[in-house]
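Heads up: the protein sequence lines correspond to chains E and C, in order.
First residue of the first sequence: 1, per our numbering; consecutive thereafter.
First residue of the second sequence: 1, per our numbering; consecutive thereafter.
Be a bit skeptical, because a hint or two may be false.
Claimed, not checked - Quick list of in silico lysine to aspartate or glutamate cross-link-like pairs, DMTMM-like style, CA-CA up to 20 Å:
no., chain 1, residue 1, chain 2, residue 2
1, E, Lys236, E, Glu206
2, E, Lys356, E, Asp302
3, E, Lys315, E, Glu77
4, E, Lys236, C, Asp261
5, E, Lys231, C, Glu2
6, E, Lys231, C, Asp261
7, E, Lys390, E, Glu211
8, E, Lys72, E, Glu312
9, E, Lys203, C, Glu2
10, E, Lys377, E, Glu395
11, E, Lys182, E, Glu171
12, E, Lys72, E, Glu365
13, E, Lys263, C, Asp128
14, E, Lys231, C, Asp213
15, E, Lys390, E, Asp302
16, E, Lys152, E, Asp359
17, E, Lys236, E, Glu275
18, E, Lys182, E, Asp170
Simulated from the structure, these hints should not be mistaken for laboratory data.
Chain residues, written in single-letter form:
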Amino acid sequence: MSDKSELDDGASMTTRRRFLGSTAWMAGAIATGAGSWMIRPAWGATPIKVGIATDLTGAIGYAGNANANTAKLVMKEINGKGGILGRPIELYVEDTASNESTAVANVRKLIQRDKVDVVFGGITSSMRNAIKDVIVTRGRTLYVYPQLYEGKECTPYIFCTGPTPAQQCDEFIPWLMKNGGKRFALPSANYVWPHVLNQYARKVIEGNGGEVIFEEYYPLDQVEYSATVNKIMTNKVDVVFNTVIPPGVGPFFKQLYEAGFTKRGGRLSCVYYDENTLNINAPHEIEGLASCLDYFRAVTNDEPGSARIQAEYDKQFPGNIVFAAGSAATGMYRGLKLWEAAVMEARSVDREAVAKALDHARITEGPGGPAEMVPGKRHCKMRMYTAVAKQGTYEIVARSKGLVDPKEC
Amino acid sequence: MEAVVTAVFEVLNFGAIMVLVVLGLGVIAGMMGIFNFAHGEFVLLGAYTVYLFHTWALPIWLGMLVAPAVVAAVALVLERLVIRRFYAAPVIAMLGTYALGLAIRESVRGLIGGLYRAVPEPLPGSFDIGAIRIARWRLAIVVITTLVMVGSYLLLTRTGFGLRVRAALENPSLARASGISTDRVYAATFAFGAALAGLAGALVVPVFSLSADLGIRFLIQGFLAVMLGGVGSFEGSVVGAGVIGVMSAALPWAVAPVLADVLVFVIAVVLVRVWPRGFTAGRTV
Numbered sequence: 001m002s003d004k005s006e007l008d009d010g011a012s013m014t015t016r017r018r019f020l021g022s023t024a025w026m027a028g029a030i031a032t033g034a035g036s037w038m039i040r041p042a043w044g045a046t047p048i049k050v051g052i053a054t055d056l057t058g059a060i061g062y063a064g065n066a067n068a069n070t071a072k073l074v075m076k077e078i079n080g081k082g083g084i085l086g087r088p089i090e091l092y093v094e095d096t097a098s099n100e101s102t103a104v105a106n107v108r109k110l111i112q113r114d115k116v117d118v119v120f121g122g123i124t125s126s127m128r129n130a131i132k133d134v135i136v137t138r139g140r141t142l143y144v145y146p147q148l149y150e151g152k153e154c155t156p157y158i159f160c161t162g163p164t165p166a167q168q169c170d171e172f173i174p175w176l177m178k179n180g181g182k183r184f185a186l187p188s189a190n191y192v193w194p195h196v197l198n199q200y201a202r203k204v205i206e207g208n209g210g211e212v213i214f215e216e217y218y219p220l221d222q223v224e225y226s227a228t229v230n231k232i233m234t235n236k237v238d239v240v241f242n243t244v245i246p247p248g249v250g251p252f253f254k255q256l257y258e259a260g261f262t263k264r265g266g267r268l269s270c271v272y273y274d275e276n277t278l279n280i281n282a283p284h285e286i287e288g289l290a291s292c293l294d295y296f297r298a299v300t301n302d303e304p305g306s307a308r309i310q311a312e313y314d315k316q317f318p319g320n321i322v323f324a325a326g327s328a329a330t331g332m333y334r335g336l337k338l339w340e341a342a343v344m345e346a347r348s349v350d351r352e353a354v355a356k357a358l359d360h361a362r363i364t365e366g367p368g369g370p371a372e373m374v375p376g377k378r379h380c381k382m383r384m385y386t387a388v389a390k391q392g393t394y395e396i397v398a399r400s401k402g403l404v405d406p407k408e409c
Numbered sequence: 001m002e003a004v005v006t007a008v009f010e011v012l013n014f015g016a017i018m019v020l021v022v023l024g025l026g027v028i029a030g031m032m033g034i035f036n037f038a039h040g041e042f043v044l045l046g047a048y049t050v051y052l053f054h055t056w057a058l059p060i061w062l063g064m065l066v067a068p069a070v071v072a073a074v075a076l077v078l079e080r081l082v083i084r085r086f087y088a089a090p091v092i093a094m095l096g097t098y099a100l101g102l103a104i105r106e107s108v109r110g111l112i113g114g115l116y117r118a119v120p121e122p123l124p125g126s127f128d129i130g131a132i133r134i135a136r137w138r139l140a141i142v143v144i145t146t147l148v149m150v151g152s153y154l155l156l157t158r159t160g161f162g163l164r165v166r167a168a169l170e171n172p173s174l175a176r177a178s179g180i181s182t183d184r185v186y187a188a189t190f191a192f193g194a195a196l197a198g199l200a201g202a203l204v205v206p207v208f209s210l211s212a213d214l215g216i217r218f219l220i221q222g223f224l225a226v227m228l229g230g231v232g233s234f235e236g237s238v239v240g241a242g243v244i245g246v247m248s249a250a251l252p253w254a255v256a257p258v259l260a261d262v263l264v265f266v267i268a269v270v271l272v273r274v275w276p277r278g279f280t281a282g283r284t285v
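Using the sequences and the accompanying hints, generate a full structural model.
Structural data, given as structure tokens:
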């Protein structure tokens, strides 16, 4: 642009600059404001500060928002009864944004600025590994991790309240053999959870007289599975124990369906499948898919505690952010209630005292039923349910007799 | 034998999907010299349009017809407001289009709640030829891709519009001196490329399900294809896309899938080394 025209455009330049300035300010406000908020209780006594670090935005934002909603639900419940030890709880929510480096900076805020008494959150294992040091080692704070995962997290002061491979396989795989067959295929996404879960699943399959026909790993964004489908069809595989994740899982299941896998009696199974993932495929494409989790919406039909929680959640958060097990929302609920029980017993929020009480904490009501921590293991015993997809919803086909042991640490 | 035929069909099918997705990218990169990083999001918008028709209980095929027009209209607005300022600075154009893409992608993510949504195909089911099972919709994609490819080629080589597009690319000042409004030609070309992206999104969404990251999945491979084929030519992009698509689908039949993913890029780099200016260097449309 020449000098002259710049002079001529003087007026419009100023407004443009002003416009840029104001949008930059707005962008800044959105960037720092929206991802970080605090919910104060209504009354006075010094509140207990609870930090929630979860993925409110980014690829798994749907799960993070369900976690934040669940935390709000439990906070309301606890404060409605008069708080814990006469003190209300106050939520500090930080966005981990499905991005580990953003997360570390935001979680540091929880620890250093807000000085929270406990942190709940993280969904993926990579997220847990990124933030745990900030919370537990340098932050000297208690950390509760709510998601189903591959196990092996035995760091002191980290308590896991989601299902482990043992909980998802021990009863499920024998069921699959009875209701599918003995020849298994393990198609998997190439990251830590499938690798470690498959190790365990293979042990259970072979221990029960089954056979793993192939175990194969794919790049996380692969969407073309014709070679895999062909291998499954020509090797007469009975059960596909899938750990391929979105975006690949949709086209993979579709190609399997088109090849006629379920039509010839094959059984599809996937242990992270919950109400959120049901929509990835058309219902007829995954008819008969089996999953094993700590909670399904169908459990509410005959478990009054779960029904009450589900109804309360739906009332407070109508819309498409649903309360589901695969996105850690159930683990979040369980974790918060176990922690509440521990603080009541410890009569303090001191890390040592709460950790000691949380080590054997138990609750009688939670999503899917009661739950209790296994002393010395920092993992949680819970009921497990096997469900099968039927015309776009789940039907419970088997349930554990009692609480299933996580067999970790 | 059956396995071989099945493999050939599946590989061809993914090759066709790749060509379909890359066509629009190739037209814009080839004819205008703009590497459109929002291309994946144009694909996404096409897919989203079909999803909207599905939720409104309107016929899916109608959505597929409307999608290219919707995406072309959006692209035209973006071209007039933003893209045309970048023609002189291709690197800044990359950043600009990337930003536009990001805005579109995150908006769609918000609209669909960050989840995956199944969209049914207009031609469901599959049929058997002997022992080989072919999915109807996948076959339809191969047929439509072929038609669109031939149609686009004819449009660019045999019509007055194509001539003006090529003139505006080859020598903009001479084209303007001859009375061609290069400004308008660029706008039309950009909209045309976007319409092709919209069509691609509309056709593939039943196969891959709708998600905000639907388009970005193909972006890197798309650029690789354009590079391989040679920037500045229509056939080049098509051939490049075909090669990349066929390699991505065929290699997992032969080697471990994780290795195949890397091999596609290694082979592509080797090919670029052998033909630095692409397969069709010197012979442009």
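A quick look at each hint next to the structure:
1. E:Lys236 <-> E:Glu206: Holds: Lys236 (chain E) and Glu206 (chain E) sit about 18 Å apart, inside 20 Å.
2. E:Lys356 <-> E:Asp302: Distance of about 34 Å is beyond 20 Å: violated.
3. E:Lys315 <-> E:Glu77: OK: Lys315 (chain E) and Glu77 (chain E) at ~13 Å, within 20 Å.
4. E:Lys236 <-> C:Asp261: Since the Cα atoms of Lys236 (chain E) and Asp261 (chain C) sit roughly 26 Å apart, the hinted pair is violated (cutoff 20 Å).
5. E:Lys231 <-> C:Glu2: The given pair, whose Cα atoms are some 13 Å apart, holds under the 20 Å limit.
6. E:Lys231 <-> C:Asp261: holds, 18 Å
7. E:Lys390 <-> E:Glu211: Given pair Lys390 (chain E), Glu211 (chain E) is violated - Cα atoms ~27 Å apart, limit 20 Å.
8. E:Lys72 <-> E:Glu312: holds, 11 Å
9. E:Lys203 <-> C:Glu2: Distance ~35 Å between Lys203 (chain E) and Glu2 (chain C) Cα, so the pair is violated.
10. E:Lys377 <-> E:Glu395: violated, 32 Å
11. E:Lys182 <-> E:Glu171: Satisfied, since the Cα-Cα distance of roughly 15 Å is no more than 20 Å.
12. E:Lys72 <-> E:Glu365: Measuring from Cα to Cα gives roughly 18 Å; hence the hint holds.
13. E:Lys263 <-> C:Asp128: holds, 14 Å
14. E:Lys231 <-> C:Asp213: violated, 28 Å
15. E:Lys390 <-> E:Asp302: holds, 18 Å
16. E:Lys152 <-> E:Asp359: Measuring from Cα to Cα gives roughly 17 Å; hence the hint holds.
17. E:Lys236 <-> E:Glu275: Judged against 20 Å, a Cα distance of about 29 Å means the pair is violated.
18. E:Lys182 <-> E:Asp170: Between Lys182 (chain E) and Asp170 (chain E) the Cα gap is close to 15 Å, so the pair holds against 20 Å.
Of the numbered hints stated above, those contradicted by the structure are hints 2, 4, 7, 9, 10, 14 and 17, listed in ascending order.
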